[in-house]
Amino acid sequence: MTALKIEEVDPNTPVIVGVGQVAERIEDTDYRGMSPIALAVAAARAAVLDTGTDERAVVAAIDTVACTRQFENSTPGAPAPLGKSTKFPISVANGLGATPRRAVLEVAGGQSPQHLVSEFGREIMTGTAEVVLLAGAEAISTIRHLTQSDPKPDFSDDPADPGGIFEDRGYGLFGLTTMEQASHGLISAPVQYALLENARRARRREGRAAYAAAMGALLAPFTAVAARNPLAAAPEKRTADELITVTGRNRMIADPYPRFLVSRDQVNQGAAILLMSVAAARRHGVDSPKWVFLHGQADLRERNLLERRDFGEAPSAPAAVEHALEIANVTLDEIGFFDLYSCFPIAVSNITDALGLSPDDPRGLTTTGGLPFFGGAGNNYSMHAIAEATGRLRDEPGSFALVAANGGVLSKTSVGVYSTAPTDLKCDHSDELQRAIDASECPVHVRHPHGWATIETYTVMHGRSGNTGVVIGRLVDGGGRFLSQVAAEDGELLTLLEEAPQPIGERVFVSAFGYGNRVTLDEVTATRLFAKPPPKLRDDYEFVRVLRDGHLLEVTINRPDARNCLHPPAHEELDQVFDAFFADPELWVAIISGEGTQAFCAGNDLLYSVSGKPMYVPLNGFAGLTSRRDMNKPVIAAVNGFAMGGGFEIALACHLVVADESAKFALSEVKVGLIAGAGGLIRLPRAIPQKIANDLILTGRRIGADEAQRLGVVSRIAPEGEALRTARELADDILGGSPTSVRLSLELMERTQGIADCVDAVTAPSDVVDELMTSADAIEGMTAFAMKRPPEWKNM
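Residue 559 in UniProt numbering sits at position 559 of the sequence shown, and the numbers go up by one each step.
Keep in mind that the hints were calculated from the coordinates and are not lab data.
Be a bit skeptical, because a hint or two may be false.
Listed next, with one range per pair, are the computed distances between beta-carbon atoms [as the list claims (entries may be wrong)]:
(1) A488 x L606: 40 to 48 Å
(2) R392 x E523: 16 to 24 Å
(3) G170 x R205: 40 to 48 Å
(4) D360 x G478: 51 to 59 Å
(5) G754 x E326: 32 to 40 Å
Derived lysine-lysine pairs resembling DSS-like cross-links, with alpha carbons at most 27 Å apart [as the list claims (entries may be wrong)]:
(6) K5 x K87
(7) K426 x K532
(8) K671 x K5
(9) K671 x K613
Ideal placement from N, C-alpha and C gives every residue a C-beta, glycine not left out.
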């Protein structure tokens, strides 16, 4: 294909016309303690200056500012001890003196800079934008340093709306992190990447020492580049041995990663890129040798972590590189400069493995020095990589650079191929490739596993309070994949993970609990550590009171100061109480109520939730009831006062509900940004008309006892303060019948609930009638009737 001449390029073609980078280290003599906003503004000014033309005119022409997110606004609830901008792109624009008509805050992820170049390159090509500033910065090191100072600086900013469009795209974390992962310690990036790294080692059948040496050899050349980079956070050349040898300074973080192999987030760095259409570049007098063209691009996403076929590779990343090269119509051999995202070794080797790139390729694999040494400037690292590549391409006109940016856990890859050689922007076909990735097969995910399994991958987290093992395994029975932690007391299994030549493939035993799954070396150890005592009522509950009265069990939630809201310790006690109730043949009916007159249960204890303590419910659900199967004995909810959120869900899970006249019911989760996930979203639409259920769920509206009874979620209404007394009367009525008949009636109703056709449900095969007719109660009932005497039920 004949190369385009500069004058033949479409005037709407996007070009990089300016790049800027800034950095400061706390130990620098000219250290200023710049905020993220100040760093991004300084980088943006440098990018404008880099155009070599009228700075005021360029700033005035900026119609779009798009920024990457900072750590303090990349996850919900992330701390910002010195404050932060509420609209970071507008803060940057204001600091620069620009008045864009559009400002964009991109989703989190290291792929962001390259993705923004590709996206806004298309916007420029279609005429939607003409002059676009991309910027980002991190001041993590400064924030940590100055948080200890007095007085503390204020990095917050709440810029006024300039009248343009502000678009906050949100965190973009869906699919990248889950409650299940968090409950098993998969929060930090080193832990998650270590799982992938150890799986790759197993695939390659390499020993621990050999694999560590290879990681060191891969990243040692990166340190040489960082040592020459004045912007690097750690400009020190290191040998492969230095990188992998564990010392006090190079402590182990998560096997197999010591600190020197991990992305360095304690940085103060900012970078910016200025994009223009060719027409705008000409109009502003930017010399064409400064123009850098995007020749090829691709954006692909890997399957979510637990859906991946093989943890030792992420095929979407090399596929994105290959597609970007295809669009650029160049080969790997024609690339003069690479920057492969290097947050951890596997991020690099995942691409070099697939493409046949040698770790010691003379062209090098980084333009900056890489994330562990140049610095992992949060979501903005690849902005620096593109800026560095731009400078090298200008120095060697006609050469090509490839930047591969990564977000998540090898989850999102954005690739760009750049050159000063003129070209029109070409469309990529990432969407087609993505559909194939999404359609690929994945293992069955088992959230609550139990039984023998094999280790699929693992890591050991090293912390100040001790080490914690994390295992992803496959069940021997069925092959389902699960996530778990090593039981804290199983030192033998932890030692195996830390010292065995290859733990992957070893047999383990997994047990499921509400707080998470735990693996042990064998079933004997699991039984010793987790054996539950026979279900039995106790006298020493802290958050629950129980009263046994013949065949009746009364259960009272005893947290009146918290409106009987539930937290994990209370859930566990209720779960144990109901285990005992359903296991005891002499207990036939249960009543659950709340202490005091204010509330039956006002749901989840939100104050406990925000305290940072682990939040979970037992496997049997909220209050030990909402996910419990085989509830074949009647449970009556005696609702006094508020039954809100989880409290309403408890009532919905009960067979009968008695409410006093003052009772209020609501699924109020939408009012606090949550959902009724303990069964409310399922049970309420099945219990009442769909449209009314939608009304209650989507508004969080409260209903009183009368309306609740009309809708069918309340069985009986009691005078105010008399719910428990009325519930006892209802229980007495039930206790007058055969407990066997009651139990089997509940069982048959539950078994046939999912059969839509009435006749099919009536005629469905069942052994319930056979069990009933051979029971002692059936014989006693008929005999007592014939003899005209009260029956003496045996529950047999």
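When the structure is checked against the list of hints, which entries are broken? Sort them ascending. Violated hints: 1, 2, 4, 5, 6, 7 and 8; rest satisfied.
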